[in-house]
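Could you put the whole structure together from the sequences, leaning on the hints where they help?
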Amino acid sequence: MDGIPKFQILKDFSGEQVFLNIIGYLDAHTAPDLEIALKESMEKGKYNIVVDFEKLDYISSAGFGVFMEFIEEIRQKNGDIKLIAMNSKIRHLFNILGFDVLFEIYNDKNQLLGNN
Amino acid sequence: MNIEVKPHIESIEIASDTKELIRLRDFFSNFAKFLNISEEMVFHINLAIDEICSNLIKHSYKDDSTKRILVEFEIINNNLLKIRIYDEGEPFNPIKFNTPDLHNHITHPHKGGLGIPLIKLLVNKMTYTILSENPQKNLLEIEFIFN
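Top to bottom, those sequences are chains A and B.
Counted from 1, the first sequence has number 65 at position 65 by my numbering; the numbering is strictly sequential.
Quick note: to get my numbering, add 1000 to the position in the second sequence (first position is 1).
Do not rely on the hints blindly, as some may be mistaken.
[To be verified] In silico DSBU-like cross-links for lysine-lysine, where the CA-CA straight-line distance does not exceed 35 Å:
(1) K1137/B <-> K55/A
(2) K77/A <-> K1082/B
(3) K1067/B <-> K82/A
(4) K1062/B <-> K39/A
(5) K55/A <-> K1125/B
(6) K39/A <-> K1120/B
(7) K1111/B <-> K109/A
(8) K77/A <-> K1111/B
(9) K1137/B <-> K77/A
(10) K11/A <-> K1082/B
(11) K46/A <-> K89/A
(12) K1019/B <-> K11/A
(13) K6/A <-> K1067/B
(14) K1125/B <-> K1062/B
(15) K55/A <-> K1082/B
(16) K82/A <-> K1120/B
(17) K77/A <-> K1067/B
(18) K1111/B <-> K1019/B
(19) K1058/B <-> K82/A
(20) K1067/B <-> K89/A
(21) K1019/B <-> K46/A
(22) K1082/B <-> K44/A
(23) K11/A <-> K1111/B
(24) K46/A <-> K1058/B
[Stated by the list, open to error] Pairwise CB distance ranges (calculated):
(25) F1146/B <-> K39/A: 38 to 44 Å
(26) L10/A <-> N1098/B: 38 to 44 Å
(27) E35/A <-> S1011/B: 16 to 22 Å
(28) I96/A <-> D1026/B: 22 to 28 Å
(29) E40/A <-> K1096/B: 35 to 41 Å
Calculated from the structure, these hints are not laboratory results.
Cβ atoms here follow ideal geometry from the backbone N, Cα and C, with glycine treated the same way.
In structure tokens:
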């Protein structure tokens, strides 16, 4: 159908940091796929995860819930979920919810890597 | 001279299935082109209706995709948007539902319970009515003021 965005998660497990690129939208229907991707990373023993929001147009509480579900366990394993390249609407939503204090949020990969 | 302005009402019916949420949001995004509201406001309104319908699908209808949800959009005076969400499931009034506030999520991150606080943050007004019981018909109406 024209005009309806697709959804996909591109996963890169090749390096020290796992990169998950979420394309499209994270709602109650698609959030389980993010859950699967995070679980997959954890099963591989990889707890340093970067989620790239560059191609993400929309997120609902189902999407936020996935991050909340895993963040404590990941941090207990000395890992983290870092978030990059959010559009202004999604960034603002994180602010409204107060979740910008819970996660490290970067403008892009360069800013993220510059901080390591 | 009195000009009678007819209300501008559009509606969409979706099946009780999370795969329909994108169609609902797409419908509103198109409808919003006739309103003079910011992209951010469209996003917030879509988020509110998404959260409400997600709750209905999961809790009121227990993911029964044969059930239906009707969403009606009414613009009044070019600055008030009323959205009415009708369902026939187990009554669920988000206004009365007590959820821990968002601070609790920051100190104790966990999966669920974000939807209702989020809806309350986004809407200007919300009312819940049980229209009938045999057959069950419930109405959640939310309002957004713009311009």
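Each hint, compared with the structure:
Distance restraint check for K1137/B and K55/A: the Cα-Cα separation of roughly 39 Å exceeds the 35 Å cut-off, and the hinted pair is therefore not satisfied. As the CA atoms of K77/A and K1082/B are separated by approximately 47 Å, the hinted pair breaks the 35 Å bound. Note on K1067/B and K82/A: the hinted pairing is violated, with a Cα-Cα distance of about 39 Å set against a maximum of 35 Å. The hinted pair formed by K1062/B and K39/A meets the criterion: a straight-line CA distance of about 25 Å does not exceed 35 Å.
Taken as a hint, the K55/A and K1125/B pair is honoured in the structure, with Cα atoms around 32 Å apart against an allowance of 35 Å. Pair hint K39/A plus K1120/B holds up; C-alpha atoms about 31 Å apart against a cutoff of 35 Å. For a cut-off of 35 Å, the pair hint linking K1111/B to K109/A stands: about 27 Å separates their Cα positions. Using a Cα cut-off of 35 Å, the hinted pair K77/A and K1111/B holds, with the two alpha carbons roughly 19 Å apart.
Between the alpha carbons of K1137/B and K77/A the distance comes to roughly 48 Å, so the proposed pair goes past 35 Å and is violated. A C-alpha spacing of about 41 Å is found between K11/A and K1082/B, which places the hinted pair above 35 Å, so the restraint is violated. With a CA separation close to 30 Å, the supplied pair K46/A and K89/A stays within the 35 Å bound. Taking the CA atoms of K1019/B and K11/A, the gap is near 23 Å; set against the 35 Å cutoff, the hint holds.
Simply put, K6/A and K1067/B have alpha-carbon atoms about 25 Å apart, close enough for the 35 Å limit, and the pair holds. Note on K1125/B and K1062/B: the hinted pairing holds, with a Cα-Cα distance of about 27 Å set against a maximum of 35 Å. Taken as a hint, the K55/A and K1082/B pair is honoured in the structure, with Cα atoms around 31 Å apart against an allowance of 35 Å. Distance restraint check for K82/A and K1120/B: the Cα-Cα separation of roughly 28 Å lies within the 35 Å cut-off, and the hinted pair is therefore satisfied.
As the CA atoms of K77/A and K1067/B are separated by approximately 43 Å, the hinted pair breaks the 35 Å bound. Of the supplied pair hints, the one linking K1111/B and K1019/B holds, its CA atoms being roughly 20 Å apart against a limit of 35 Å. The straight-line distance between the Cα atoms of K1058/B and K82/A is roughly 29 Å, inside the 35 Å bound, and the hint therefore holds. Proximity of K1067/B to K89/A is assessed by CA-CA distance (about 32 Å); at most 35 Å being required, the pair is judged to hold.
With a C-alpha separation of about 30 Å, the suggested pairing of K1019/B with K46/A holds against the 35 Å cut-off. Between K1082/B and K44/A the alpha-carbon distance is near 48 Å, which puts this suggested pair outside the 35 Å criterion. About 22 Å separates the Cα atoms of K11/A and K1111/B, which keeps this hinted pair within 35 Å; it holds. Between K46/A and K1058/B the alpha-carbon distance is near 32 Å, which keeps this suggested pair within the 35 Å criterion.
Taken as a hint, the range 38 to 44 Å holds for the pair F1146/B and K39/A, whose Cβ atoms sit roughly 41 Å apart. The hinted window of 38 to 44 Å between L10/A and N1098/B holds, with their beta carbons roughly 40 Å apart. With their beta carbons about 33 Å apart, E35/A and S1011/B fall outside the hinted range of 16 to 22 Å. At roughly 23 Å, the beta-carbon separation of I96/A and D1026/B lies within the given 22 to 28 Å, and the hint holds.
Between E40/A and K1096/B the Cβ separation comes to about 39 Å, which falls inside the hinted range of 35 to 41 Å.
Figure legend: structure checked against the earlier numbered hints; hints not met, in rising order: 1, 2, 3, 9, 10, 17, 22, 27.
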